[in-house]
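I would like the entire structure built from these sequences, with the hints used as guidance.
2 protein chains.
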Amino acid sequence: MPNPTAAILIIGDEILSGRTQDTNSHFLAGELTKAGIDLREIRVVPDSMAAIVAAVNALRAAHDHVFTSGGIGPTHDDITADAVAAAFGLPLAVREDARAILARHYAQAGLEFNAARQRMARIPEGARLIDNPISAAPGFSLGNVHVMAGVPNIFRAMVAAVLPGLAAGRPVLARSLRVERGEGVIAEPLAALAAEFPDLSFGSYPFVRDGIHGSNLVVRGTDAARLEAAFARLEALFAGPGA
Amino acid sequence: MPNPTAAILIIGDEILSGRTQDTNSHFLAGELTKAGIDLREIRVVPDSMAAIVAAVNALRAAHDHVFTSGGIGPTHDDITADAVAAAFGLPLAVREDARAILARHYAQAGLEFNAARQRMARIPEGARLIDNPISAAPGFSLGNVHVMAGVPNIFRAMVAAVLPGLAAGRPVLARSLRVERGEGVIAEPLAALAAEFPDLSFGSYPFVRDGIHGSNLVVRGTDAARLEAAFARLEALFAGPGA
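Just so you know, the sequences run in chain order U and L.
Residue 330 in our numbering sits at position 198 of the first sequence; the count goes up by one each step and never skips.
Residue 261 in our numbering sits at position 129 of the second sequence; the count goes up by one each step and never skips.
A hint or two may mislead.
[Claimed, not checked] Among the chain U residues that face chain L by a calculated CB cut under 7 Å, a handful are:
hint: 1; residue: T165
hint: 2; residue: H237
hint: 3; residue: G316
hint: 4; residue: L322
[As the list claims (entries may be wrong)] Using C-beta positions, here's what the derived DEER-type ranges look like:
hint: 5; chain 1: L; residue 1: A194; chain 2: U; residue 2: F339; range: 31 to 37 Å
hint: 6; chain 1: L; residue 1: A292; chain 2: U; residue 2: S180; range: 25 to 31 Å
hint: 7; chain 1: L; residue 1: P296; chain 2: U; residue 2: G275; range: 43 to 49 Å
hint: 8; chain 1: L; residue 1: A356; chain 2: U; residue 2: I344; range: 43 to 49 Å
hint: 9; chain 1: L; residue 1: G258; chain 2: U; residue 2: H237; range: 56 to 62 Å
hint: 10; chain 1: L; residue 1: E312; chain 2: U; residue 2: K166; range: 34 to 40 Å
hint: 11; chain 1: L; residue 1: P303; chain 2: U; residue 2: P303; range: 16 to 22 Å
Source of the hints: derived by calculation from the structure; they are not laboratory data.
Virtual Cβ for every residue (Gly too), placed ideally from N, Cα, C.
Written out as structure tokens, the structure reads:
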């Protein structure tokens, strides 16, 4: 059975303006690989209702899972919950369990549970809450869309809450070989080896460091024995003296 | 006149597997903001012909410019030139000027100009070459699609070659204020101020550091006088004692 597929949707003007480097998608990409879920696409869109709705609907139709990051705070530019509800054509309203979680959190902190903070208890109808152990405001899963915070430590905590509940596939294993030769001389034998192992993927990631042209060759696949067989061939081709 | 719009398309399994953190889109996002080109979307897709063709065609129809990164080297997984040619329905063949650039480069380096390296001279019909001052293999612009390398220093050199030739808009200016209060108390006055300045964009980017809940408030726009007027109001609301 093929592994389930996934897409990540990063929501936020601050990424597109170049102000902030997105690191959440890189983190989640690694977690999905370990879980055996094939990440097929990452998209970054602005804090725009039309853009978020279009991306959510395109990605949830094309993939088994969609993970979103960003736009679920209390300020006017936090419109992800509204957009996901609109994408599904479902109502969005303050939900009692989410409101209670937030009310307790702010009471303990001695802070007013004002209208802006109550906005974070608005959850699309039928969604399941995602626990936020850091700042209480929950994320949610609606169908195959998992809506999480943009702040990296909260995002990571939400990923840890969501991933174990998803049907996992076979983890994708990888072996990598650093070769200090230019890609131009690696290319032909590498392509021939890749053709012999169509069930594995072979990547070549070139570098130039201290004047040395080289490449990191990476073999990936879900079958450990096949991976080891291919990697042994790769080492025989490229490792050792003259490498 | 509104600023031109753009999308970035990052091509590479190594980003989606979590092996490599993409930094090219963050770099280019900053450059586009300075140039007055509005970046509306970033997509990351795998080294797959169907995925690249679909993304190129969707993005070039929706935006004034598309910038791609990755997949133009000599190895079997470098299929971006083939995919862009297919997206435009144009033939791809070794082009004499590109071949001559590469032949000279390898002759100077004392390296064989073999079949894999000649592959990098394949350019879709009608494209304009993008200079690669680092490793010679050129990128190309075809219509509104600018095809560049994935290796960060080569990508940056190609961006420097391409951007000055594009019609620029008005640079998006930004002012930012660090406020050590939770977003929940900032949200309502910030939303009211944003409503007074619909021509500017107001973002709130929360942080928790050393136990302090705060937010970086960012105002963006192309009109310097309007930006300063809004920023003065923002400071009056949130700066000073008690902030």
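For each hint, the structure was consulted:
1. T165: This hint holds: U/T165 lies near chain L, its Cβ roughly 5 Å from the closest one there, short of 7 Å.
2. H237: Violated. Min distance 10 Å.
3. G316: Since the shortest Cβ distance to chain L is 4 Å, the answer is holds.
4. L322: This interface hint holds because 6 Å falls under the 7 Å limit.
5. L/A194 - U/F339: 31 to 37 Å: Roughly 34 Å apart at Cβ, these two residues keep to the hinted range, so it holds.
6. L/A292 - U/S180: 25 to 31 Å: holds (30 Å)
7. L/P296 - U/G275: 43 to 49 Å: holds (46 Å)
8. L/A356 - U/I344: 43 to 49 Å: holds (47 Å)
9. L/G258 - U/H237: 56 to 62 Å: Because 60 Å falls inside the window, the suggested range holds.
10. L/E312 - U/K166: 34 to 40 Å: Given range 34 to 40 Å: holds, Cβ gap about 37 Å.
11. L/P303 - U/P303: 16 to 22 Å: Violated, since L/P303 and U/P303 (Cβ atoms, about 46 Å apart) do not stay within the stated range.
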